Each structure stands twice: as structure tokens, then as C-alpha cells.
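*Asks:* Got chain A; can you put chain B on it based on the hints?
For the record, the sequence lines run as chains A and B.
Letter by letter, the first sequence follows residues 1 to 182 of full-length UniProt numbering.
Letter by letter, the second sequence follows residues 1 to 261 of full-length UniProt numbering.
Any given hint might turn out to be false.
[Said to hold, decoys possible] Every beta carbon over 12 angstroms from chain A, so not counted as near; a handful from chain B, in silico: (1) 13; (2) 17; (3) 20; (4) 28; (5) 31; (6) 32; (7) 36; (8) 50; (9) 78; (10) 84; (11) 163; (12) 169; (13) 170; (14) 225; (15) 246; (16) 261.
[Said to hold, decoys possible] In the DSSO-like style, the derived pairs of lysine-lysine whose C-alpha atoms are separated by at most 27 angstroms in a straight line are: (17) A:122 x B:159; (18) B:159 x B:211; (19) B:41 x A:122; (20) B:159 x A:36; (21) A:122 x A:36.
Hints in this document: simulated from the structure, not taken from any laboratory.
A quick note: this is a predicted structure, and the numbers were derived from the prediction, not measured.
Even for Gly, the Cβ is constructed at its ideal location relative to N, Cα and C.
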Amino acid sequence: MQNGNDPDDSAACRDGLRDLEACIPALRRYARLLLKSQQDADDLVHDSLVLALGRLHTLQEESRMRPWLFAIIHNLFVSRMRRRQRQGETVPLELIDEEKMSITAVQEEGLRQRDVLRELEKLPEDQRLVIVLVSVEELSYAEVGQVLGIPIGTVMSRLSRGRERLRQAMNGEERPTLRRVK
Amino acid sequence: MNEIERAITEDELHAFVDGQLDSARRPALERHLEQDQSAAKRVAAYKMQRAALRAALADHLAEPIPPLLDPRRLMKLREARRRIAWQMAAAILFAFLAGSGAGWLVRGRLPDGSPAGIPALAQEALIIHAVYATDRGPPAESGAARQNAIYQWLSSELKHPLIMVNLTAIGYRFVGGRLAATDHGPAAMLLYEDAGGTRLTVFVRPMPDRKRDTRTVHVGAGDVDGYAWICDGLGYAVLATAPTKDLHDIAVMVRHQVDPT
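Chain A on its own, in the form it takes in the complex (with noise of 0.2 angstroms):
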């Protein structure tokens, strides 16, 4: 998987762009998780790159690629949401835009995306990101907790406790459908 044995220098960079390459879209994914605008996501995962792409030599072979990308950017944001906390300014969260979720909702599937992103959009953010990293992102509970910068008990309350919310707030509009998954 990783291409550390590589002796030739450019080769293992020209490699290592491509494995960042093929990464931005997730990390763009999770950007637009933190930030209301597609604008301020890009400009988050733009200077992520940038602050990779010098330090891109201190990845250790054994270390993978992702949850690197994702503690970067995540201490980036967490950094800059410091910042703006100090200076009064309030940055409101939305998870996606609805223009974007009528195309992708088709019938009962749809509705029932469209639920589950409104609900995880309900919950608080510690919870919700620890969901995200872990289901979507592929993270696993370890690597989710170096993201994140928190103990691995923590991550798992965090997800128990957002999954069961998230369970219980689908349950309350469930539909038959929902029932026949198992």
C-alpha cells in the first residue's frame, strides 16, 4: 500500500501527490461538514494542502495517508474557530444545501437521506464528527481519536451517544419502510 520502499526521492513524491490527490474529494467532503460555504470549505482545504504538501516528508511509511489529511485540516479549522470565537464571530453550521439534496433524493431512498442528514445535522458537532470519520470516512476508532486530538473512550461515547440520538430522532417519524431493514 504505502510506497516509503521507494529509493528514488521524486518517485515517492510524485506518489505521495498522488495519494493527496485522491484524497480531496473526502477532505472536501468533511470541510463542507464544518463550514456553512462551499467557498470557506475549498479555502480550508486549500491551505490543509498546503500545510501537507510541506510536510509531506515527515509522513512515516507506516502511517496512513487519510487520517493525516484529516488531523490537519481538522486542527486547522479547530485553530481558526478559536480565532473567530475571540474576535465574537459565530459560524453557522449547515450541512448541505437543499438545492443539492432535491436532485439526489429519489423517492423513499431519498427521504430517508434526507432525514438522516437533517437529523445528523441536529446533533451536537463532537458527536457529529466522530459519526462521519467513523462511517462515511472509513476512519478506524483510533485513528478517529488522533484526528480529533480525544482518547479512544471518547470516541465510542461519542458515537454511542450520536448514533442512539440520531436512532431515536429517526424513530419518531419512522416509516414502514425503515422497519424492514435488518
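*Replies:* Chain B in isolation, oriented as in the chain A frame:
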């Protein structure tokens, strides 16, 4: 035996949902779910949540990566930034050693001494020019309609109406424009080209903290040459890869178009 008897934990239920459960614990967990209806219902609901979230957020992955986020471009930018920073440092040192107040960098720092004014503008413009103007990518579409659309788009991104620069009178046609990220916010880069393939960059960045207009000063680093000024809260730079004939006259013409007063 112990392994089987150990009670299933909440964490293990989630690990099962996420495919992160140790395979040795799987049989015990499946037996547990057969006996515990409420746990089974929760696991089923969590699995459904997981699948629904993945499906709902899958579309994002199919979106094309904007050129601004292309890692190869960013790498080139990094390298250009490093190179130009060195060249600028050398230029400052030279102006200093020569004891000359005529160096544009020194002049750019005066009268308020801040390094954020024209020197910063010039450095950004030089980097953007070095990276993008020399990049002979696929030919950009041109034409007046497209030029309008690009100026409008950049104006809205910069939250500042941009006055269209027209250089057809001196043989330069509009080739394209792009939005560039700088340390001081978004900037517009507009590219013009003459029949001989000489490319000019007009770089514009809002500088809201700069109330005072400046003179047009000569800027340059390496083989890129140009002129920069600040006017009405916008910083401008007109750049070309040296030697380009009449660059000063072209800069004056651009300045006259964007600031007729």
C-alpha cells in the same frame, strides 16, 4: 472459553456495525444479538444509519477537484514562492548594501514601513505569474462574452467590482482569468497574450486597509518584470516575463483604464 463468556460490550456492538470487530468475537456477538432483541434492533438501526449517511454523502466524492486545489499546482506554487522569496531577499539586501533608496522594495515599504503593502502585493503577483502565465495548458476560451463573464465572476469573488482591461489596441487579447488564493485573501489574475505569444498578467487584489493611492512602482524578481500600484483600495500589478517591450507604457495604459481620474 473465556472469550465466549465475556459479555458483549457497547463498544463491540459499534465495532460490529463498522466492521472493526475482532473476528474472534464475531460468533459471540451474533449469539448475543439472537438473544437480545433490543440490542439487535439497535444494531440494525445503526447499520441503516451508516448506509444512509454513506449514500447521502457519496455525491460529494464525484465532484471534480477545483483547479485551485490541484496538488501539482500547489507544489509548483510552493516552489515558486520559495524561489521568489529568496530573490526578493537578495534584492532587499542589494538595495540596502548599495545604500540606494531607489530599490522598489525599500520604496514599497515607505512611508509607513509596513511589509504588507506593495511588496506583499508584488510578491503574490510575481508568484502567480510565474506559476500560471508560463503554464501553457489547454487554450483558454476567449471572446468578449467570455471576458465579461469572467470579470463578473471574479468581481463577485473579490466582492469588488473590477473594471475590464482592454488591450486590443496594442495587440494583446484577453486569454482568461483565474481566482488565486493569497495570504491576504482572494485575488484575480487576468491573462492577456499578443500574436507573438507574449503573455501579460494583470493581477488585482483588494487591499481595504490601504486608503491612500500610490505611485506606479517597478517590481520584479528573477526573469519576471512589471509595475504595481494601489488605487481605490485595490492593489494592481502588471507583469510579463522579461524582456517585454513597452511594459511601462502598458502598465500606464492599464492604470489609466482602471482609474481614469
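*Asks:* Just pull the numbers of the violated hints for me, sorted ascending.
*Replies:* 1, 2, 3, 8, 9, 17
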